[in-house]
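Q: What follows is each chain in one-letter form.
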Amino acid sequence: MAFLEIRNLDAFYGRARSLHGVTLDVEAGRIAAIIGPNGAGKSTLLDSILGLVRTTGEIRLDGVSLTGRSATEIVRLGVGYAPERGHLFPFMGVRDNLLVGAHTAPRDAERNLRRVFDLFPVLEERQNQETGTQSGGERQMVSLGRALMSSPRLLVVDEPTIGLAPRVCHDIAAALRRMNEELGITILITEQNVNFATHLARDVLVLETGEIRLRGTADELMNNPHVREAYFGH
Amino acid sequence: MTNILIQGLALSGLYALVAVGFTMIFSVGRVLNLAHGVFLMLGGYAYYTAVQVFGISKGAGIAIAVLAGAAFGILTYTVLVRRLEHNPIAVEISTLILAVVMQALIVVVYTSAPKSMWPIVPGVFRHEGVFVSHNILAAMVLSWIVLGGLVVFVRRTRLGRALRAVSMDRKGAVISGIDPHRMSLATWAISGGLAALAGVFFATYTQLTPGMWVAPLIIAVAVVVVGGIGSIVGSLVVAHLIGFMETVTTTLVAAELRGVFTMVLVIVVLVIVPKGLFGREEL
Numbered sequence: 482m483a484f485l486e487i488r489n490l491d492a493f494y495g496r497a498r499s500l501h502g503v504t505l506d507v508e509a510g511r512i513a514a515i516i517g518p519n520g521a522g523k524s525t526l527l528d529s530i531l532g533l534v535r536t537t538g539e540i541r542l543d544g545v546s547l548t549g550r551s552a553t554e555i556v557r558l559g560v561g562y563a564p565e566r567g568h569l570f571p572f573m574g575v576r577d578n579l580l581v582g583a584h585t586a587p588r589d590a591e592r593n594l595r596r597v598f599d600l601f602p603v604l605e606e607r608q609n610q611e612t613g614t615q616s617g618g619e620r621q622m623v624s625l626g627r628a629l630m631s632s633p634r635l636l637v638v639d640e641p642t643i644g645l646a647p648r649v650c651h652d653i654a655a656a657l658r659r660m661n662e663e664l665g666i667t668i669l670i671t672e673q674n675v676n677f678a679t680h681l682a683r684d685v686l687v688l689e690t691g692e693i694r695l696r697g698t699a700d701e702l703m704n705n706p707h708v709r710e711a712y713f714g715h
Numbered sequence: 014m015t016n017i018l019i020q021g022l023a024l025s026g027l028y029a030l031v032a033v034g035f036t037m038i039f040s041v042g043r044v045l046n047l048a049h050g051v052f053l054m055l056g057g058y059a060y061y062t063a064v065q066v067f068g069i070s071k072g073a074g075i076a077i078a079v080l081a082g083a084a085f086g087i088l089t090y091t092v093l094v095r096r097l098e099h100n101p102i103a104v105e106i107s108t109l110i111l112a113v114v115m116q117a118l119i120v121v122v123y124t125s126a127p128k129s130m131w132p133i134v135p136g137v138f139r140h141e142g143v144f145v146s147h148n149i150l151a152a153m154v155l156s157w158i159v160l161g162g163l164v165v166f167v168r169r170t171r172l173g174r175a176l177r178a179v180s181m182d183r184k185g186a187v188i189s190g191i192d193p194h195r196m197s198l199a200t201w202a203i204s205g206g207l208a209a210l211a212g213v214f215f216a217t218y219t220q221l222t223p224g225m226w227v228a229p230l231i232i233a234v235a236v237v238v239v240g241g242i243g244s245i246v247g248s249l250v251v252a253h254l255i256g257f258m259e260t261v262t263t264t265l266v267a268a269e270l271r272g273v274f275t276m277v278l279v280i281v282v283l284v285i286v287p288k289g290l291f292g293r294e295e296l
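Protein chains in written order, with our numbering: chain A, 482 to 715; chain B, 14 to 296.
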């Protein structure tokens, strides 16, 4: 039994169907990546895991069904989410943003705060800076840190490198690896940056027009002619 | 002059109690509660019933009034607003209808005759030609204590942080495990309690009448429009600006013009600074 199991997932915005029968597994302790172009349904898939869109099908975390649960319950069950563009609280300082992330795990707040500052030392230096005034890279760090504050067992991260400089992408990748290796958190990311995804993740899936087209190890996908043509142009 | 200062401060504190709740409801739920003045009216009538009809102590009367306002806030949100909040215009229309219905119910139970209220704190402070009733001083001090507590609550507590989070980014709050409906419920309860407390003092300040919900609603709208809808600090500052303006107008110009300058200020701000002087939509 995989840690995260998704079976025949359809997702809907009104009457429009955005995902078509998505089935995937993420093993415990692994990092998995979903790559795909704009509009492929990557964000919708992650929103579905958090119960934010209407879906049919089945989503299970460690054997427990997430289907029909509210986002609050799903976060309590151990899913942390760092969405695209962060969805931070712009007029709050970094520390308060992080403490909001501890809403479902207040007893772990101090320990998790230390972990976040250990992963991203720059955030400790700027605890009182309003996130609305921060750079894109720092906001991404706050977003990941806020997700970590809920003591997640599964961390889902939507396009963590979008709009970031290569150096910052490297730092984000290093932090995600540490979360996985040192804290034992299973991670599912979506990415358009195939190099980033295949360097970070062991298992990679290709999502296009709401359907899983390919799946395999990072090496297998990098050698796949369709992936090479679609994402590298050769 | 000292009289004007103290009267202005007392009136401003009460306006702030009303307006802050109104702005909190908008910030967290993105809806305008046009029944907000009813919280105030219910507070006044609950206190009157408890203290002047049943002879309960004044302290208990205030507590009953605040609880009545909070309970009515919870009821309004749960029964009405929760089902309509995806449509803000429906919320505005239905809360306005609710206010009219509540006024009619109050007339049925208490008649439309104004009720005179005993001062909560009797007596007058006299010092070098200055005469201020203890009731006004009590209203002023209590308003400031409550408003100070509210600011600390919103800035420093876990629930306050969660309320601010929902007001700034609803999705960000939801994926942090915060239930926005619970936050709205808490906001309606807090707003109801604050307005009911203001209602007790308003009633002892003026009179208790079934139509007393209208003027505070207009004041609340004026305060949040001028202050910037959603801004607690803006509401506090502008409540004092309007409170002083009305006190000066009543005392030095003409009592009949009391609300006129406030309305002119609203129009001027809407034209020049549409987002308000402290404009933003988050707590």
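No wet-lab data here; the hints were simulated from the structure. Treat the hints with care, since some could be wrong.
To be verified - Per label pair, the in silico range of CB-to-CB distance:
no.	chain 1	residue 1	chain 2	residue 2	range
1	A	Ser546	B	Arg171	25 to 33 angstroms
2	B	Val277	A	Glu591	48 to 56 angstroms
3	B	Val164	A	Thr548	23 to 31 angstroms
4	A	Glu591	B	Val164	57 to 65 angstroms
To be verified - Covered stretches of chain B (chain A as the covering partner; in silico rule of three or more C-beta atoms under 8 angstroms from a C-beta of chain A):
no.	stretch
5	174-187
6	190-203
All residues carry an ideal CB built from backbone N, CA and C; glycine is no exception.
Q: When you take the CB atoms of Val277 (chain B) and Glu591 (chain A), is the distance between them in 48 to 56 angstroms?
A: Between Val277 (chain B) and Glu591 (chain A), where Cβ atoms are some 52 angstroms apart, the hint holds.
Q: Using the Cβ atoms, figure out if Ser546 (chain A) sits within 25 to 33 angstroms of Arg171 (chain B).
A: 29 angstroms, holds
Q: Go check the stretch 190-203 of chain B versus chain A for me, would you? Three or more residues, Cβ under 8 angstroms, otherwise it fails.
A: holds (count 3)
Q: For the stretch 174-187 of chain B, count the residues whose Cβ lies under 8 angstroms from any Cβ of chain A; is that count three or more?
A: holds (count 10)
Q: Would you say the C-beta atoms of Glu591 (chain A) and Val164 (chain B) sit inside 57 to 65 angstroms of each other?
A: 25 angstroms, violated
Q: Within 23 to 31 angstroms or not, the Cβ separation of Val164 (chain B) and Thr548 (chain A)?
A: 42 angstroms, violated
Violated hints, in rising order: 3 and 4; the structure is consistent with all others.
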